[in-house]
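There are 2 protein chains.
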Amino acid sequence: MTDKCKILSLKETAEYLKGVENAVILTHSSPDGDTLGSGFALKRIIEILGGKAEVVCGDNVAEKFSYLGKTANLEDLDFCGKTIIAVDVADIKLMSGIPMDIRESADLCIDHHQTNKQYAKNLYLDSEASACCEIMHDLCKQLGITPDKDLASAIFTGIVTDTGCFQFTNTTSKTHIAAAELMSCGANSEFIIKLFFETKSPARLYLEKKVLENLELYFDGKCALTTLDFNTIHSENSDESELDGVAGMPRTVEGVLVGVTLKGKEEGKFKISVRTHAPADASAICTRLGGGGHVRAAGCQVTGDAETAKKAILESVAKELNI
Amino acid sequence: MTDKCKILSLKETAEYLKGVENAVILTHSSPDGDTLGSGFALKRIIEILGGKAEVVCGDNVAEKFSYLGKTANLEDLDFCGKTIIAVDVADIKLMSGIPMDIRESADLCIDHHQTNKQYAKNLYLDSEASACCEIMHDLCKQLGITPDKDLASAIFTGIVTDTGCFQFTNTTSKTHIAAAELMSCGANSEFIIKLFFETKSPARLYLEKKVLENLELYFDGKCALTTLDFNTIHSENSDESELDGVAGMPRTVEGVLVGVTLKGKEEGKFKISVRTHAPADASAICTRLGGGGHVRAAGCQVTGDAETAKKAILESVAKELNI
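From first to last, the protein sequence lines stand for chains A and B. If you read the first sequence in our numbering, its first letter stands for residue 118, the second for the next number, and so on. If you read the second sequence in our numbering, its first letter stands for residue 118, the second for the next number, and so on.
Extracted from the complex, chain A is given alone in its bound form:
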């Protein structure tokens, strides 16, 4: 790990990429559309500039991402003499599966997380970008590259997955301009949106049904709470990977300021996810129980049965709502 991280401008980052001959691009663990989209977009950009690149991930990559390309096997890779570039990775800890000496030798990091830990030798950070892929689009423009269909599709993937298909508040005017340009370049928007937003596994639908069946309202409808116990999460061929986004459901109830999802872990523990609307502070609610997070999304863990966990979190919610 370097002692001092050099902060690059967009122009300097573009110049840096022009000098890359052979790169290994690192993505974060629990890989999502933005880290993988950014990885494969950057690989294509480097290739267009005349270099070579491989994308790697320390975790398994879900089959649905296969249209983006094939990640390299870590065992087959020779890192010697390569430029190591991390994309969409805020913290060196978030690359489990990749050897620590490789992570520590990152030459460049391109990221949009305000919390970036500046672990790489060089960093291009744009925390206003909705997705790291929005930065990839900026780099194309800076480099004078008009994306081909595959490059446009990779960039489009990260933008739609990180913005919830242009629904989240990180979506800006610039995000829509990028989407428009990528669609004009032939991005396979219909396929990508169907894949990520219009297809649910039977297991996911089973969990959504349980969320709705177990929904309870408290404090005059200001808090909605749902419970998924361990057996529910692990029945019907479902598992924890199906839980992405489920925690957002209780907050959608009309009038609710605090949405709470209790997820049963190994016996005797509950992971609690809290999602709020302004002015309720999710972080404050979870910090009282030893957890933390952001103002609209936070989490904590409680030991005990469902009733104990429910009682503990509702007490903290009551404090936040001044009840």
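Any given hint could be a false lead.
The list cannot tell twin chains apart, which means a pair is met if one copy fits it or any two copies do.
Claimed, not checked - Each computed EDC-like pair below joins lysine to aspartate or glutamate, with the alpha-carbon atoms no more than 20 Å apart:
(1) K234 <-> E432
(2) K339 <-> D195
(3) K326 <-> E359
(4) K311 <-> E371
(5) K339 <-> E315
(6) K317 <-> E333
(7) K238 <-> E132
(8) K128 <-> E245
(9) K123 <-> D208
(10) K428 <-> D337
(11) K317 <-> E371
(12) K181 <-> E371
(13) K317 <-> D337
(14) K317 <-> E330
(15) K311 <-> D398
Hints are computed from structural coordinates only; laboratory data are not their basis.
Once you've looked at the hints, dock chain B against the given chain A.
The following block gives chain B in isolation, referenced to the frame of chain A:
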């Protein structure tokens, strides 16, 4: 009703609007974000051009649309000498509640439905527009109007509601450009998206739970069918107005080509909504039962109990899937 409808260009429509002194703008019954957004956007455009305008609807307008402005009471309106303009209304039949002689005297219709029946004296039709509000944006550009916050918010409303927040396949590169420009003009995008996509009534959530509880898979998982009987739809303070979009749920199941929703009408009848993924043809499935519609979304009605309705529609689905 006129015998001959004059088809206008965008430029001619803009010129027409410059000459409007006092207009009544008609919206369609079961009013949605696009017809109301277009109505209030056009009212503002006419006012900016120096004229006056009122928006009317033959149906009750839901409270959630109140930020757009107030529709005029039909009883208080004097139509005499006014320019009558219909927005987002494909057919004269779709304005129930508005006196037929008023509908028949429509001077101008601005619409994006390919199926427009050309009932007005003049018509501007752009069936490539994702929403009638996208046309309002085009008109602003043609007229050299930079939308203020309220006008931008009205136009943004129709675009996000008719595209499912940029998720449906009617979303084009041009749609994203419009969204970007409207956000730059101060459209209240965060409020609007939260209102329509992140807030669900308890009644709606109850119906979604029932859709999931009653979901059945047929034909090797290629068809998902759900049933909401009359009592379910009308219990728990829910009613038919909560059903918007529910018909899209069965199609989201992984591997499903045909999603079917049976909705109980008055005793002994079922309204059936069919949603498909390519290559299954929803229109063909429903036409066999006396209904019709589009290739991805169609409907029909069957007399009989739930079992009879289910049997009838599944037979037609089987034919479509060559089973």
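The hints, checked one at a time:
no.: 1; hint: K234 <-> E432; verdict: neither (33 Å within a copy, 60 Å between copies)
no.: 2; hint: K339 <-> D195; verdict: neither (55 Å within a copy, 45 Å between copies)
no.: 3; hint: K326 <-> E359; verdict: both (13 Å within a copy, 18 Å between copies)
no.: 4; hint: K311 <-> E371; verdict: between (27 Å within a copy, 10 Å between copies)
no.: 5; hint: K339 <-> E315; verdict: between (30 Å within a copy, 15 Å between copies)
no.: 6; hint: K317 <-> E333; verdict: between (24 Å within a copy, 15 Å between copies)
no.: 7; hint: K238 <-> E132; verdict: within (15 Å within a copy, 60 Å between copies)
no.: 8; hint: K128 <-> E245; verdict: within (17 Å within a copy, 38 Å between copies)
no.: 9; hint: K123 <-> D208; verdict: within (16 Å within a copy, 63 Å between copies)
no.: 10; hint: K428 <-> D337; verdict: within (17 Å within a copy, 44 Å between copies)
no.: 11; hint: K317 <-> E371; verdict: between (24 Å within a copy, 5 Å between copies)
no.: 12; hint: K181 <-> E371; verdict: between (33 Å within a copy, 12 Å between copies)
no.: 13; hint: K317 <-> D337; verdict: between (32 Å within a copy, 16 Å between copies)
no.: 14; hint: K317 <-> E330; verdict: both (18 Å within a copy, 15 Å between copies)
no.: 15; hint: K311 <-> D398; verdict: between (33 Å within a copy, 17 Å between copies)
The structure shown violates the earlier hints numbered 1 and 2.
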